[in-house]
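Listed below are the residues making up each chain.
2 protein chains.
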Amino acid sequence: MSANGFLKPCSNVVKSFCRAYKASGIPELTQVRHNVKRGNYGTLDGKDVAFFESIVGRNHMLQEDLQGYNVDFLRAVRGNSQLVLKPNSSEQVSAILKYCNERKLAICPQGGNTGLVGGSVPVCDEIVLSLTHLDKILHIDEITGIASCEAGCILENLDLKARESGLVVPLDLGAKSSCHIGGNVSTNAGGLRVLRYGNLHGSVLGVEAILANGEILDLMSDFKKDNTGYHLKHLFIGSEGTLGVVTKVSILCAPQPQAQHVAFLGVPSFDDVLKNFRNARQFLGEILSSCELVDAGSLDCSVSHFKLNSPIEGYPFYMLIETSGSNAEHDMEKFNRFLENGIEKGQILDGTITGEVSKMREIWKLRELVSVALAEDGFCFKYDISLPLREFYHIVEVMKERVGHLANRVCGYGHLGDSNLHLNITCPEFTPEIYKCVEPFVYEFTSQLKGSISAEHGIGFLKRNYLKYSKSPAAIEKMREMKQLLDPNGILNPYKVLN
Amino acid sequence: MSANGFLKPCSNVVKSFCRAYKASGIPELTQVRHNVKRGNYGTLDGKDVAFFESIVGRNHMLQEDLQGYNVDFLRAVRGNSQLVLKPNSSEQVSAILKYCNERKLAICPQGGNTGLVGGSVPVCDEIVLSLTHLDKILHIDEITGIASCEAGCILENLDLKARESGLVVPLDLGAKSSCHIGGNVSTNAGGLRVLRYGNLHGSVLGVEAILANGEILDLMSDFKKDNTGYHLKHLFIGSEGTLGVVTKVSILCAPQPQAQHVAFLGVPSFDDVLKNFRNARQFLGEILSSCELVDAGSLDCSVSHFKLNSPIEGYPFYMLIETSGSNAEHDMEKFNRFLENGIEKGQILDGTITGEVSKMREIWKLRELVSVALAEDGFCFKYDISLPLREFYHIVEVMKERVGHLANRVCGYGHLGDSNLHLNITCPEFTPEIYKCVEPFVYEFTSQLKGSISAEHGIGFLKRNYLKYSKSPAAIEKMREMKQLLDPNGILNPYKVLN
Numbered sequence: 001m002s003a004n005g006f007l008k009p010c011s012n013v014v015k016s017f018c019r020a021y022k023a024s025g026i027p028e029l030t031q032v033r034h035n036v037k038r039g040n041y042g043t044l045d046g047k048d049v050a051f052f053e054s055i056v057g058r059n060h061m062l063q064e065d066l067q068g069y070n071v072d073f074l075r076a077v078r079g080n081s082q083l084v085l086k087p088n089s090s091e092q093v094s095a096i097l098k099y100c101n102e103r104k105l106a107i108c109p110q111g112g113n114t115g116l117v118g119g120s121v122p123v124c125d126e127i128v129l130s131l132t133h134l135d136k137i138l139h140i141d142e143i144t145g146i147a148s149c150e151a152g153c154i155l156e157n158l159d160l161k162a163r164e165s166g167l168v169v170p171l172d173l174g175a176k177s178s179c180h181i182g183g184n185v186s187t188n189a190g191g192l193r194v195l196r197y198g199n200l201h202g203s204v205l206g207v208e209a210i211l212a213n214g215e216i217l218d219l220m221s222d223f224k225k226d227n228t229g230y231h232l233k234h235l236f237i238g239s240e241g242t243l244g245v246v247t248k249v250s251i252l253c254a255p256q257p258q259a260q261h262v263a264f265l266g267v268p269s270f271d272d273v274l275k276n277f278r279n280a281r282q283f284l285g286e287i288l289s290s291c292e293l294v295d296a297g298s299l300d301c302s303v304s305h306f307k308l309n310s311p312i313e314g315y316p317f318y319m320l321i322e323t324s325g326s327n328a329e330h331d332m333e334k335f336n337r338f339l340e341n342g343i344e345k346g347q348i349l350d351g352t353i354t355g356e357v358s359k360m361r362e363i364w365k366l367r368e369l370v371s372v373a374l375a376e377d378g379f380c381f382k383y384d385i386s387l388p389l390r391e392f393y394h395i396v397e398v399m400k401e402r403v404g405h406l407a408n409r410v411c412g413y414g415h416l417g418d419s420n421l422h423l424n425i426t427c428p429e430f431t432p433e434i435y436k437c438v439e440p441f442v443y444e445f446t447s448q449l450k451g452s453i454s455a456e457h458g459i460g461f462l463k464r465n466y467l468k469y470s471k472s473p474a475a476i477e478k479m480r481e482m483k484q485l486l487d488p489n490g491i492l493n494p495y496k497v498l499n
Numbered sequence: 001m002s003a004n005g006f007l008k009p010c011s012n013v014v015k016s017f018c019r020a021y022k023a024s025g026i027p028e029l030t031q032v033r034h035n036v037k038r039g040n041y042g043t044l045d046g047k048d049v050a051f052f053e054s055i056v057g058r059n060h061m062l063q064e065d066l067q068g069y070n071v072d073f074l075r076a077v078r079g080n081s082q083l084v085l086k087p088n089s090s091e092q093v094s095a096i097l098k099y100c101n102e103r104k105l106a107i108c109p110q111g112g113n114t115g116l117v118g119g120s121v122p123v124c125d126e127i128v129l130s131l132t133h134l135d136k137i138l139h140i141d142e143i144t145g146i147a148s149c150e151a152g153c154i155l156e157n158l159d160l161k162a163r164e165s166g167l168v169v170p171l172d173l174g175a176k177s178s179c180h181i182g183g184n185v186s187t188n189a190g191g192l193r194v195l196r197y198g199n200l201h202g203s204v205l206g207v208e209a210i211l212a213n214g215e216i217l218d219l220m221s222d223f224k225k226d227n228t229g230y231h232l233k234h235l236f237i238g239s240e241g242t243l244g245v246v247t248k249v250s251i252l253c254a255p256q257p258q259a260q261h262v263a264f265l266g267v268p269s270f271d272d273v274l275k276n277f278r279n280a281r282q283f284l285g286e287i288l289s290s291c292e293l294v295d296a297g298s299l300d301c302s303v304s305h306f307k308l309n310s311p312i313e314g315y316p317f318y319m320l321i322e323t324s325g326s327n328a329e330h331d332m333e334k335f336n337r338f339l340e341n342g343i344e345k346g347q348i349l350d351g352t353i354t355g356e357v358s359k360m361r362e363i364w365k366l367r368e369l370v371s372v373a374l375a376e377d378g379f380c381f382k383y384d385i386s387l388p389l390r391e392f393y394h395i396v397e398v399m400k401e402r403v404g405h406l407a408n409r410v411c412g413y414g415h416l417g418d419s420n421l422h423l424n425i426t427c428p429e430f431t432p433e434i435y436k437c438v439e440p441f442v443y444e445f446t447s448q449l450k451g452s453i454s455a456e457h458g459i460g461f462l463k464r465n466y467l468k469y470s471k472s473p474a475a476i477e478k479m480r481e482m483k484q485l486l487d488p489n490g491i492l493n494p495y496k497v498l499n
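If you're matching them up, the sequences are chains A and B in order.
Just so you know, we're using my numbering here: the first sequence kicks off at 1 and counts up by one.
Just so you know, we're using my numbering here: the second sequence kicks off at 1 and counts up by one.
Everything labelled a hint here was simulated from the structure, so no lab data went into it.
Quick caveat: nothing in here was measured; it's all calculated off a predicted structure.
Don't take each hint at face value.
Remember, identical chains collapse to one label, so a pair may be satisfied in a single copy or spanning two.
To be verified - No farther apart than 25 Å at their CA atoms in a straight line, the calculated lysine to any residue pairs in the SDA-like style are these:
1. K307 - I353
2. K400 - E444
3. K345 - E164
4. K483 - D218
5. K468 - S447
The shape of chain A in the complex, shown without the other chains (with noise of 0.2 Å):
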């Protein structure tokens, strides 16, 4: 396998499909479906278009053709901005923020907009603060591995960078074409690799916020280690742009791995799922990339809706397991006892595993294109939590019992070494008995078992009335007050996280 030659998901396979998914129609003014009361904020006016002009220039503002940065990717949910600024440079984010705090105009800051609980579009008539000009490399050090970059950075260009110095980006999700580096910080985005990379909290070394007031907010380090004060930069990752507008990054790369390795697995019983990914942590240990579970549903849903061939067929689960390491040789060495100590007990039933890398890609879209697949089964009812393992399946299980012959299907795949299931109800059509029979059931059940109500995709504006099911009064009011301390006029993102 050449250097260059290591797999990346099919994100562009995944984006064409989502495109064709997404050309359904333009949805209903998200103020007027969710009767939303416009916020007591300013009314952008001449004088205000003007001044902006003055900050950006008139070659980076947008006044008209605006559909694309009001509606978001899932087209759920649609803003009615009027004005879109494109800043290339921190200070201009700072001179519009402090006027548009002194204005009391309300701001929503935009990334790639790939968000999916419509976090990144105007709820109201807010203005787009696009962070797309800011696309800056700053700087890679291939010795310790960390990279800076301006927030507009789309997240694959980063990553094709870093591989040129022999580092991968720590982040990888299907999105990665067009999503900004700064959007994967503001919404703390999860992924493919969180089982071997961590979460951005660990990785993010340094971030510049802007805040509501315009000032700039210098938290960038180049250093793994750097215990002076308070590490308000975690305040900026997974807040949705609501505390302050993150305009730089400092991220800490891992070596790019030299070897890649999937297996696409059939397994009798959840209980034999789990007791293959705990062997696979003790098998394959530091080599461990990625432990996905699709459930045999799920499968026969994106391979019957995408005509694909899945390698093997009619068992209950599928387990797909990939190893990033250093030594092809080794690699496959213990992959080889991983999956002869499962066969041998009747764990794994059958499967297949590949090095190639347009092998691994296929593999990839059994478990990738799940999610549009389902989405096209008619109205699908998506949820993206985090359950104990011991119980991560029961939920499917006990929701089939509950919509019965309501439902055509429902599914439950994910990142099941992170304990992150997508639980999805595809229906004929929406109708309020189903929805009565799922909501608020699936949060309450989360709920109880002190899950989290949303795993990966954050609140945004679709989740602000469920954050009660995963945090305490006390925890909500303690971010109430830090939304108060940081933004008083409460201009950034309004309607988001916290209603």
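Using the hints, position chain B against chain A.
Okay, now just chain B, sitting in the frame of chain A:
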């Protein structure tokens, strides 16, 4: 190697030497030596004591023989507390803090009291809140690797328990046999395995913290992914007990390595040290677990002071490289390739490698005892800084020039793999002349390179005047606002971090 026979750093050796070192006397009262004005706090009276007795019981409070709680590990500072409370539940901690907040009584939370910057003992007469009786291990999940425990649990106890489930706590430091996990979290402790497992912001999944007003903030989580609102737990990681008292911790453990190897190498120049580090990342990849630097002066000091045998001598630089993997044969093969490459290129001149526990311990001693040996080489100025690797050793050479004949030794050693240098300057005795040569130059030099003036030890009491060298005025102001928000009466660990 048996499952229980894995290398544990020679903490007992270090400890006994440290004990001898520490017995040199009791320091002057901090308030006197550092001319600290007591804050406007209430003064403990009989009614207060009666109240605390009603909460924790007579057997869980001390009013005599408090020296062990008032004096720090290095005997650098001494407080004058008249009361030590040892609550055994979060509710008791809550009741104590609520009362103290109302009465404006200052509190010093204390874990294992192993801190190195005077953060864990009182400065004036603060009540010591010892977490030592909150020592329960709550749960260890052998499938996910997630462990939860109370804050007073000793790091080594948690690690031993985790090993019974085939796991290791992703944190290892010399003080592991006495430090508390709550103290580790509160100081964002670094140590010997940050290179492999990252810092605590990545591996701590949840905390419970008691706020100054007694409110119990439950931010516990058993999940790697939880994107529901602001990630407040990070405010309590590394804020040294000034924003809240950590009472519970949930942490992600790693699979226990099945094999370890340690090499000790002689290297001709610092440039070659860097080349070797880069090669170690490439050749050893996922199994690299430590990359430490010891310069000639540091090794000479530990060898001669403790009459150790170094397997190699006569080189300007030494590197200790450790691997932890899941297959001894594979690991050794990778290690050999790394060594052959380095020797061939002249970047490694000589060395030794071993997988035997006793021999690995001997090698680790050469590195771990440097700190103690230097501290006994007369008066010792000690600095714990992060610097860019390309400039990492330059400060040692510059400092040698500056202090000239005034110093016995100017040495550099530390966690090269984390860009973390321990710079030590020893001299026959403290003189204002050498002090002026050294400070504030060290901090200015570090600041100019945007380094960290406290990489892993924290700010505590002793470094509070130097915070400005690593953090901007805007960042320090935000820290003050955060402190004001969470602890408006300033009762939590006063005189620390912020001055």
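For each hint, the structure was consulted:
Taking the closest pair of Cα atoms, K307 and I353 come within 25 Å of each other only inside a single copy of the chain (21 Å); across copies the shortest separation is 54 Å, beyond that limit. Proximity of K400 and E444 under a CA criterion of 25 Å is satisfied intra-copy only: 16 Å inside one chain copy versus 65 Å between copies. With identical chains, the CA atoms of K345 and E164 are at most 25 Å apart between copies only, with a shortest distance of 23 Å across copies and 43 Å within one. When the C-alpha separation of K483 and D218 is checked against a cutoff of 25 Å, the pair qualifies both within a copy, at 19 Å, and between copies, at 19 Å.
For the homomeric pair K468 and S447, the shortest alpha-carbon distance inside one copy (9 Å) is at most 25 Å, but the shortest distance between copies (43 Å) is not.
When the structure is compared with the earlier hints, no violation turns up for any of them.
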